Structures are given as structure tokens and as C-alpha cells.
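Chemist: Line order of the protein sequences matches chains A and B. Start counting the first sequence at 1; every next residue gets the next number (my numbering). Start counting the second sequence at 1; every next residue gets the next number (my numbering).
Be careful, since some hints might not be right.
To be verified - Stretches of chain B that chain A covers, calculated by requiring three or more beta carbons in the stretch to come under 8 Å of a beta carbon on chain A:
1) 15-27
2) 44-58
3) 77-84
4) 117-130
5) 325-338
I should point out that these hints are in silico values taken from the structure, not numbers from a laboratory. The structure displayed is predicted, hence computed values, not measured ones. Built from N, CA and C at the ideal position, the CB exists for glycine as well.
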Amino acid sequence: MSRLTIADVERIAALAHLELTGEEKQLFTGQLADILTYAEQLQQIDTTGVPATAHVHPDLRAERPDEPAPSLAPEDALANAPDADAEAGLFKVPRVIG
Amino acid sequence: MYEAVIGLEVHAHLLTRTKMFCGCSTAFGARPNTQVCPVCLGLPGALPVLNRQAVDCAIKASLALGCRVETESVFARKNYFYPDLPKGYQISQYERPLAVAGGLTLGDATHVRITRVHLEEDAGKSLHEGLADSAIKTGVDFNRSGVPLIEIVSEPDLRSAAQAAGFFSELRAILVWIGVNDGNMEEGSLRCDANVSVRPAGQSSLGTKTEVKNLNSFRHVEKALTYEIERQIEVVRGGGRVRQETRLWDGASGRTQPMRSKEDAQDYRYFPEPDLPPLVVDAARIEALGAALPELPAARRERFVAAHGLPPYDAGVLTQSAGLADYFERTAAAAGNAKAASNWIMGELLGMLNDRHATVETAPIAPDALGGLIALIDRGTISSAMAKDVFARMYDTGQSAAAIVEAEGLAQIGDADEVAALVDRVVAANTPVVAEYRDGKRQVFGFLVGQVMKASGGRVNPKLANERLRAVLDRDGDVAVTPGTAQR
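The shape of chain A in the complex, shown without the other chains (with noise of 0.2 Å):
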């Protein structure tokens, strides 16, 4: 049975660079867990000589050619961005080394 304490929620959420508070980690706690549940549903079936899959359409091969599409108008590319420098045309984040 899945133990899913406040910690592993607190971990998960710092892996994924996420500010909860005391309430949202307690719903999470309790949401996550009811997941592992229903997980471990599923684990009870019998699967023997069932190859594992990745995938549920498996049969899907879908490839493309080689062949240049056209890009976004740079302006469009940089659009939505929170900052950025259309004279550069870049995006800008705060500075990440230093």
C-alpha cells in the first residue's frame, strides 16, 4: 500500500519548482496517494506473458520526410515572451550563471 507522506510531496514539488503551502501539500498529499491506489489496482492484474509497453497504439509508425517547413516570423516567435530582445531576438531569462 502507497505511504505517501508530506516529504515526497515536498520533494516532487521541489523537482518540479513548485511553491505549495501547508494546505496545497496536505490536498496533494492525499490527491497523489489516491493515484498510487488506483495504480496498485492495476498492478493486481495478472499480466503474466504480456510484453511491457510504452505505448497504447504501438502500431503507429509515423515518420516524416526530411523536408523544411517554414519557421515562426521572429516577431511571433517572441511574442508571448514574459522578456525578451527583438533587436537581438532573444529571449531573455534572468542572468542563470555568475
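Dock chain B against chain A, hints included.
Modeler: Same frame as chain A, now just chain B:
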């Protein structure tokens, strides 16, 4: 004594026109963010569709590295946060890579096992320096985001920095040779990270490793690993313990430095990519791609030695690229003299191409034409010295050697009577020197040969001139001495 244990992870861009999962161009050097679309910007709802050419390139590379290509492999999401990774995950392959269990044998007969080759997409590029606001901001260009890569992972089978550099160099040669990578390390088309540890010689368990990043030339691989191996040996010798960490090579200071590590340990939380079905490649496709592979550099080197009788050094130089090797084989066939073809290509041709910043593919002298020049030397029509001038003229005019020799009247004087007449003229004009020779001062012979050469305008066949001069001097020795000169 300590021994180093090294394994490499090499990332190679695949030579495709478009990105791995969208139709944006992969061309290097475009204005920032002009080769981007919702897929490679990671916009919500955009879906990836796999580039067939990228898969073909990856299969070719896998086969050339002796790997077993799996008929089914699975894409996975590698989750981490960095501004140049717009989706918050990189699409890679994790538990089920495209190919496994290959290997490569180096020139020193070391066999380096290749663990795996898998497909993944590149990230964008962060620009930390050179902008007005660089002190507080980082710029991000996503043109490179989604460019197809293979990651090649070796087993820790390398034992020295030089060997690691040699392995990287051989990998590059193969990838370029089979046309899946352009080999351009300056543009980041080929990148290398190394896992390094040291242990007392004879110990079989591995020491704690560090990962050294930013090794983007053969020289850097060798220097960085040399530094890192010495650093680790010093730590261990001093009774300390090597810390498992990622270190960055700084070419300017010649040191590796620990990367600023985040407090939390990396946890990529890989899981199968739900937006892409498993990659299924059937046996026929693998076989067809394998059949179309060119003869690989190592095999070609061996053949050049065995079939053409070249020294291993020559074979190594001539197999640096497929184009050069092809050029050599065609020249050797046209010349009927493989060693001479090798000498001319390694000496004059590569020197000239280097001077003119040209490549063998665009050389104005075709292999047949160079073969023709060599044949003229072998037939004695022109001397080797003269052939160098003819070569230069061929390079500049594109004319054949025969045409230049004909037009300039450069053909050697090889007619016995003509040579005899020249020798007689020189002997007659240099009686004092001739007398010295006959007096036993044999070193003046060279001077007389030079005079014959000069008299012929450099065109006399040197071998014939030598023989004739020697015969004349030695034959007439007793009669041609005049009293005055003999006493000098």
C-alpha cells in the same frame, strides 16, 4: 603507480536538413530564433513527429560502430529545468536505446566497447556574455533546440588521456566518413564529455569518477584529462577521496573546476514519451542501410597497406576523409604507381590545398591529371624537380601535365647523342676542373654535373647526364691532362 579509467560520452549532430521533430532548418549561424516553431519552442499542444532521415543517420552510425540495432526502441522524457530547454524536458531514449553492444578497435589495438547509441534532441543555446544586460540577464536562442543528435556512450575501456583523444578522433573520422556528421567541433556539431577515475594499478574495482565537460577539441580532451587524472592521483595519494562531481574544463586556465552544483541531487524522472510511439525499425531497413555503408576508415587503411603496399603512416593520412581516400585510389590507378601517388598527394597536393584554403573535393587537379604527371616522371619525360613546377602550373591552369610540358618545351633531354653533346661541351669548357677531377679530386664531379644541368636549361635527364659524364671523365683520363693544370 596509478592507472586512469576513462569512458566517453560523445554527442554528434546528425546531418539532416530539418530538426528531429519539426520542419525547422538545422542550418548553423542563422539569426537567433529564426528557425523555431511551436514544436521546438515547446508551446502547449504542439506534437513531435520523428524525422526519418535522423533515424537513418543514427542507424548508420550504430552499424558503423558495430552495434546491434534494436527493432524497437522507446523515446523518454528527461526532466530538468534550464532556460535553454523550453519544454522542461528533453526527448531522449533511456531504458530502450536505439542500439547497443558495439565497439571500436583503436590503432594501438585497444578495443573500446560501445555501450549504446541513442537518439535525442539538442537544447537551445544560452548566451551569458556580450550583451548590454549580460550582468543581469541571459539571452536564449532556440535555433538549435530540437536538432537531432546521437549520444554514443563508451565503456570505461580507455586508460590514458592520449588514448581517449585518439578514440574521440577515430569516432569523428567514422561519423564524418559515413556522412552522418560534419565533424565541426567549433560549431558544436560534435561534443565530448568524459567520465574519469583513477585506481592503483592492478586493482580491478573502479575509483570514484568525475564527469569532465566542455571538451570540444582533441587537444582539449587530452589536456583536460591529463590535468584531471593528475589531480585525482594527488587527492588519492594525499589520503583524500575523490568527490563524485561534474567538472568543467577551462581551456584558458588549463584546469578543471567543479561545476556550481545545485544543492539538490539531479533526478531526471525519466518516463516513456507519451507523444511518440515506440520507434520500430524493421530488419530490411537496417540491412539496407548497412549495405549502403562505405568501406570504413580502418578497413580502408588496412587495404591501402595490403593492396597498395603503402606504409601505415601514408595509409593513415590518406584515410582522414573518404574524399581524400577516393582521390588517392583514382590517382594511383591513373599513375600506375601507388607510392608516388601517395607522396604527391601528401606532399604537394595537401600543401597546396592548405595554402589555398581549398579541399580535395574542389581541387583543380583531377586524380587522372595527377596520375598523368606521375606517369611522365616515371617515363623519364620530366624530372621530379621540374614536375613540381608543372604541378603548380596544373593547379593554376587546370591543364594536363602533358599539355604544359609540350607547350613549355620542358621535356627532358633523354636522347643519348644530345646528352653526349652537352657533356662534351661542358668538359671542353672546364678543362681546369676536369683536370682536378682526373687528379683525384673527385668532389668536383658534382660541379660538373651542375654545369651540364645548367647548359641544358635544367632539362637533361640527371641519370643519363651522370652516367655519360662519369664515362667521359674516366675514359679520357690519361690523354686530356695538360701539364700546367695538373700541378695546381
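Chemist: The stretch 15-27 of chain B covered by chain A? Criterion: 3 or more residues, Cβ-Cβ distance below 8 Å.
Modeler: holds (count 7)
Chemist: At a Cβ distance under 8 Å, does chain A reach at least three residues of the stretch 44-58 of chain B?
Modeler: That given contact holds, which follows from 7 residues of the stretch 44-58 of chain B lying within Cβ reach (below 8 Å) of chain A.
Chemist: Does the stretch 325-338 of chain B contain three or more residues whose Cβ lies closer than 8 Å to a Cβ of chain A?
Modeler: violated (count 0)
Chemist: Examine the stretch 117-130 of chain B for residues whose CB is less than 8 Å from any CB of chain A, and state whether their number is three or more.
Modeler: holds (count 3)
Chemist: Okay, the stretch 77-84 of chain B and chain A, do three or more residues pass the C-beta test at under 8 Å?
Modeler: holds (count 4)
The structure fails to meet hint 5 from the earlier list, while all remaining hints are met.
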